[in-house]
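Chains P and Z supply the protein sequences, listed in that same order. First residue of the first sequence? That's 1 in our numbering, and the numbers climb one at a time after it. First residue of the second sequence? That's 1001 in our numbering, and the numbers climb one at a time after it.
Among the clues, some could well be false.
Simulated DEER-style distance windows between Cβ atoms [to be verified]:
{"#": "1", "chain 1": "Z", "residue 1": "Val-1044", "chain 2": "P", "residue 2": "Val-50", "range": "33 to 39 Å"}
{"#": "2", "chain 1": "Z", "residue 1": "Trp-1036", "chain 2": "P", "residue 2": "Leu-54", "range": "47 to 53 Å"}
{"#": "3", "chain 1": "Z", "residue 1": "Leu-1046", "chain 2": "P", "residue 2": "Phe-42", "range": "20 to 26 Å"}
{"#": "4", "chain 1": "P", "residue 1": "Leu-65", "chain 2": "Z", "residue 2": "Leu-1046", "range": "38 to 44 Å"}
These aren't lab readings, by the way, just hints derived from the structure by calculation. Being a predicted model, the structure only gives us computed values, none of them experimental. Built from N, CA and C at the ideal position, the CB exists for glycine as well.
Take a look at the letters that make up each chain.
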Amino acid sequence: MEIIQIVGLGLVAALLAIVLKEQKPVFAFLITVFAGVLIIFFLVGKIVDVIRVLERLAVEGGINLIYLKTILQIIGIAYIAEFAAQVTRDAGQGAIASKIELAGKVLIMAMAIPIITVIIETVIGIIPS
Amino acid sequence: MGADINTLFQIAGIGIIVAMVSTVLESAGKKDIAQWVSVIGFIVVLYMVATWIHDLFQTIKTVFLFQ
């Protein structure tokens, strides 16, 4: 029942942030950031298990590990960009949040280019000339 | 998770104490000292949060094979 821990953490953090928002909005913002960090820390432990299983399956299936590594990095970029964008949007800077999301998309596209190239080359190789 | 939630309460406690102290100092007419108290409290809390964010990013780096 770890979800109850997460929910409790979120509620406590929200209450503390409300209490502090009147006097010191900066501290309320930092509490929000810290609550986000804690929750993601909590989830990273679960993600590790999933990734280990994926790695094992990839090794057993004989898939080139460079593809798995690229996909995992893409997932990591997506999580980090989402976290930073939400924190920034919470601070009232929607424009910077949008830029962070844009940066995440562009970086993901740049990392996916080798895989796309392999797919296109494979398709071209299949087509009889 | 026990040590981690303690940090959350530490941050909130520092925030509440800093707010109280700066309110008292401002009503006593020491506005510059109140300003310094706020700044130092903010720096302390920012240091704690930044340490945690650093830990989080290191963990994400190792988990998602960036290294």
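Checked hints:
One distance hint, 33 to 39 Å for the beta-carbon pair Z:Val-1044 and P:Val-50, holds here, with the actual separation near 37 Å. Between Z:Trp-1036 and P:Leu-54 the C-beta distance comes to about 52 Å, which sits within the given range of 47 to 53 Å. Taking 20 to 26 Å as the suggested C-beta distance range, the pair Z:Leu-1046 and P:Phe-42 conforms, at roughly 22 Å. The beta-carbon spacing between P:Leu-65 and Z:Leu-1046, approximately 39 Å, falls within the hinted interval of 38 to 44 Å.
The structure meets every hint from the earlier list without exception.
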